[in-house]
Amino acid sequence: MAKGVWIVAEQRDKALRKISFELASVARRLADELGEEVGAILLGAGVEGLAPELAKYGVDRVYLGEDPALAVYTTDGYAQAVAKIVKEKDPAILLLGSSAEGKDLSSRLAGRLATGLATDSVDVKIVSGRLIATRPLYAGKSFGEIEIVTNPQIASLRPNVFPVVENPKAGAVERFDPGLAGTTLATKVLEVQKDTTGRPDLTEANVIVSGGRGMKAPEGYQILEELADVLGATVGASRAAVDAGWRPQKDQVGQTGKVVSPNLYVACGISGAIQHLAGMSSSKYICAINKDAEAPIFAKADYGIVDDLFKVVPELTKECKKLLS
Amino acid sequence: MNIFVCVKQVPDSETQIKVKPDGSGIEEGNIKWIMNPYDEYGVEEALRIKEKKGGEVTVISVGPARVMETIRTALAMGADKGIQISDPAFDGADAYAIASALAAAIKAQPFDLVLCGQRAIDDDAGQVGSILAELLGIPQLTVVTKVDVEDKTVKAIRPIEGAQLLIEATLPCLITAQKGLNEPRYASLPGIMKAKKKPVDMKDAAALGVKPEAKARIIRLTPPPARAPGKIISGDDPAQKAAQMARLLREEAKVI
Ligand SMILES: Cc1cc2nc3c(=O)[nH]c(=O)nc-3n(C[C@H](O)[C@H](O)[C@H](O)COP(=O)(O)OP(=O)(O)OC[C@H]3O[C@@H](n4cnc5c(N)ncnc54)[C@H](O)[C@@H]3O)c2cc1C
Ligand SMILES: Nc1ncnc2c1ncn2[C@@H]1O[C@H](COP(=O)(O)O)[C@@H](O)[C@H]1O
Chain A
1 MAKGVWIVAE
11 QRDKALRKIS
21 FELASVARRL
31 ADELGEEVGA
41 ILLGAGVEGL
51 APELAKYGVD
61 RVYLGEDPAL
71 AVYTTDGYAQ
81 AVAKIVKEKD
91 PAILLLGSSA
101 EGKDLSSRLA
111 GRLATGLATD
121 SVDVKIVSGR
131 LIATRPLYAG
141 KSFGEIEIVT
151 NPQIASLRPN
161 VFPVVENPKA
171 GAVERFDPGL
181 AGTTLATKVL
191 EVQKDTTGRP
201 DLTEANVIVS
211 GGRGMKAPEG
221 YQILEELADV
231 LGATVGASRA
241 AVDAGWRPQK
251 DQVGQTGKVV
261 SPNLYVACGI
271 SGAIQHLAGM
281 SSSKYICAIN
291 KDAEAPIFAK
301 ADYGIVDDLF
311 KVVPELTKEC
321 KKLLS
Chain B
1 MNIFVCVKQV
11 PDSETQIKVK
21 PDGSGIEEGN
31 IKWIMNPYDE
41 YGVEEALRIK
51 EKKGGEVTVI
61 SVGPARVMET
71 IRTALAMGAD
81 KGIQISDPAF
91 DGADAYAIAS
101 ALAAAIKAQP
111 FDLVLCGQRA
121 IDDDAGQVGS
131 ILAELLGIPQ
141 LTVVTKVDVE
151 DKTVKAIRPI
161 EGAQLLIEAT
171 LPCLITAQKG
181 LNEPRYASLP
191 GIMKAKKKPV
201 DMKDAAALGV
211 KPEAKARIIR
221 LTPPPARAPG
231 KIISGDDPAQ
241 KAAQMARLLR
251 EEAKVI
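The listed protein sequences derive, respectively, from chains A and B.
Taking the working numbering, the leading residue of the first sequence gets 1, the next gets one more, and so forth.
Taking the working numbering, the leading residue of the second sequence gets 1, the next gets one more, and so forth.
Heads up, some of the hints might be wrong.
[Said to hold, decoys possible] Quick list of in silico lysine-lysine cross-link-like pairs, DSSO-like style, CA-CA up to 27 Å:
hint : chain 1 : residue 1 : chain 2 : residue 2
1    : B       : 32        : B       : 81
2    : B       : 152       : A       : 188
3    : A       : 258       : B       : 32
4    : A       : 300       : B       : 20
5    : A       : 258       : B       : 18
6    : B       : 155       : A       : 194
7    : B       : 211       : A       : 188
8    : B       : 254       : A       : 291
9    : B       : 211       : A       : 87
10   : B       : 254       : A       : 258
11   : A       : 300       : B       : 32
12   : B       : 81        : B       : 254
13   : A       : 311       : B       : 254
14   : B       : 52        : A       : 188
15   : B       : 231       : A       : 188
16   : A       : 284       : B       : 254
17   : A       : 318       : B       : 152
18   : B       : 146       : B       : 52
19   : A       : 322       : B       : 146
20   : A       : 194       : B       : 146
21   : B       : 254       : A       : 321
22   : A       : 322       : B       : 231
23   : B       : 52        : A       : 318
24   : B       : 155       : A       : 14
25   : B       : 231       : A       : 291
26   : B       : 18        : A       : 284
27   : A       : 258       : B       : 155
28   : B       : 146       : A       : 321
29   : B       : 20        : A       : 125
30   : B       : 18        : A       : 300
31   : A       : 258       : B       : 146
32   : B       : 254       : A       : 300
33   : B       : 231       : A       : 300
34   : A       : 300       : A       : 188
In case anyone wonders, no lab produced these hints; they're calculated from the structure.
Please work from the sequences and hints to get the whole structure.
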């Protein structure tokens, strides 16, 4: 019988990403309810040293698959390695991040293992021994409870939603052969171009300062950059601002942009269209600064200021600087 | 080049979504149906590749009779022919079942490239493309913003957290489209006229030899969780209001 709650840990450049600890913490909670073990699949080349970090967040056993071909993520390399160990050990639950890599891998695995997957889950629980995942549908206009009928039950978890909880366990390392020797992968990463903003990606940011059409021009974002500097935040944008060419596509928040869950989302000159809300309504706190008291963003905001953002934002920056110094 | 584009018909993103009282699904009464926006990028990219390389573009959709409109929209944009897969067996089907139907239809002829949207804006799942690639036994390049098709390979740009990757895959290959890939064209009037005469092949589950078996099930839909009502910070002085907001963020919310 399928047993165990497993995660696929995510590492880049031999450093674990925060989502890995979020996954481990959730897996620990589910495994304790089931009275089962937490397993973590860790793939890469020269990554054994990361196992103790996973143990710290509740992982009982680390399944380590190493091969030079796994040094950087490719769908085919990683799907092959994960499918091999999962077929051998038969875990009941497999959790991945709903990150760029996790989305790509989890859906390919659903195909490879012929099983069900709940994407971008914001809550997971055990009911009668089975995993029930809650996830937004229709751009967050509805929430669905999903049951995976087959094993392993796969869910991908939205980054930045689940708390990281320390809970040290053994984290015994069990090496396995990912079965890649002699195979040629069908995909190859030719180039990695890193962003140079020096700020965290929107999907991983704790604080986001976001601007819309109300910013008036690309130069308008200067005041948001200054606020972001003070708050250690990342700057986001509405689609209107991206389509106007004021900000790059990667900054877009919403249904056709990124889905973000920061602790704090500050929306400046953004009306709060349903497609924008789809990308940010799982933020823990939302602030809105808009001169139109009727703007729908205020219905979602914890704190709102009805006024000209060009007057409010520089003052907010000054005040935050004072409080944080 | 034989190019297939998978297009899904979805509720317009402005549509009010009302959950049925028993939570079993949504009320379909007042919905305006459109082509999934990401699939428009897929259709556009397929047409551009065909314009450069030659070949044929086939659009496929799984769904009830109404999905013919979406197929015709793609044909009006310039696709050559369509396949409509309609069968009550696919009502409420999960991603695996949809991908199985698409795979069966595509496998019946030679294919070089398959395009999907990176996700459908109704179920927001982003699963069908990868599952389809797996069932076809071909590599995938997902959520891409630029595609260059060469003789035996495809190069694509894939944005990830904090970086952009340039990835190469061998053909045949499946690509899922992200916003930024292109600017989809509108169907022209002559295009719409021509579309009416383009062939659309009708298939059902039996013809494809697939039998959908649920792997994931929606137990219940609910309206989104309500957010506690917020505070509008009152006053006339922007500086004072800003100071108040900063204080609340620091002392009440404790997020800065
Ligand atoms: C299929 C589809 C997908 C979409 N996907 C997305 C998406 O992913 N993300 C997204 O954001 N949108 C998306 N949209 C677009 C969305 O419908 C809205 O058009 C868009 O979000 C509006 O952006 P905005 O709020 O910046 O602009 P507007 O709606 O024009 O709002 C500007 C706001 O700024 C305020 N303002 C102006 N000047 C000032 C000032 N000086 N001080 C204070 N406030 C000021 C105004 O009161 C107004 O509320 C999508 C639409 C469709 C159809
Ligand atoms: N019923 C369908 N018919 C045709 N293509 C589909 C269907 N469902 C999903 N797809 C394709 O798969 C993509 C991802 O859908 P999803 O996995 O549902 O988010 C869509 O953008 C379409 O390209």
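**Item:** Distance restraint between residue 284 (chain A) and residue 254 (chain B), which requires alpha-carbon spacing of 27 Å or less
**Value:** Holds. Residue 284 (chain A) to residue 254 (chain B) sits at ~11 Å (cutoff 27 Å).
**Asked** Is the Cα-Cα distance between residue 32 (chain B) and residue 81 (chain B) 27 Å or less?
**Response** Holds - the C-alpha atoms of residue 81 (chain B) and residue 32 (chain B) are around 24 Å apart, at most 27 Å.
**Prompt:** If you draw a straight line from the CA of residue 155 (chain B) to the CA of residue 194 (chain A), is it 27 Å or shorter?
**Reply:** holds, 18 Å
**Request:** Verify the proposed pairing of residue 300 (chain A) with residue 20 (chain B), using a straight-line Cα cut of 27 Å.
**Result:** With a Cα-Cα distance of about 24 Å, the restraint between residue 300 (chain A) and residue 20 (chain B) holds, given a limit of 27 Å.
**Message:** For a C-alpha distance cap of 27 Å, please report whether residue 211 (chain B) and residue 87 (chain A) respect it.
**Reply:** holds, 24 Å
**Request:** Take the C-alpha atoms of residue 311 (chain A) and residue 254 (chain B), compute the straight-line distance between them, and say whether it is at most 27 Å.
**Result:** holds, 24 Å
**Request:** Below or equal to 27 Å on CA atoms is what counts here, so check residue 254 (chain B) against residue 300 (chain A).
**Result:** holds, 18 Å
**Prompt:** If you draw a straight line from the CA of residue 231 (chain B) to the CA of residue 300 (chain A), is it 27 Å or shorter?
**Reply:** Cα-Cα ~10 Å, so holds.
**Asked** Taken at face value, is the distance from the CA of residue 152 (chain B) to the CA of residue 318 (chain A) at most 27 Å?
**Response** violated, 57 Å
**Asked** When you check the alpha-carbon spacing of residue 146 (chain B) and residue 52 (chain B), does it fall within 27 Å?
**Response** Holds, because 15 Å separates the two Cα atoms, which is no more than 27 Å.
**Message:** Check whether the Cα positions of residue 155 (chain B) and residue 14 (chain A) lie no farther apart than 27 Å.
**Reply:** holds, 26 Å
**Asked** Can the restraint linking residue 322 (chain A) and residue 231 (chain B) be considered satisfied, given a maximum Cα separation of 27 Å?
**Response** holds, 23 Å
Checked against the numbered hints given earlier, the structure breaks hints 7, 12, 15, 17, 19, 23, 28 and 34 and satisfies all the rest.
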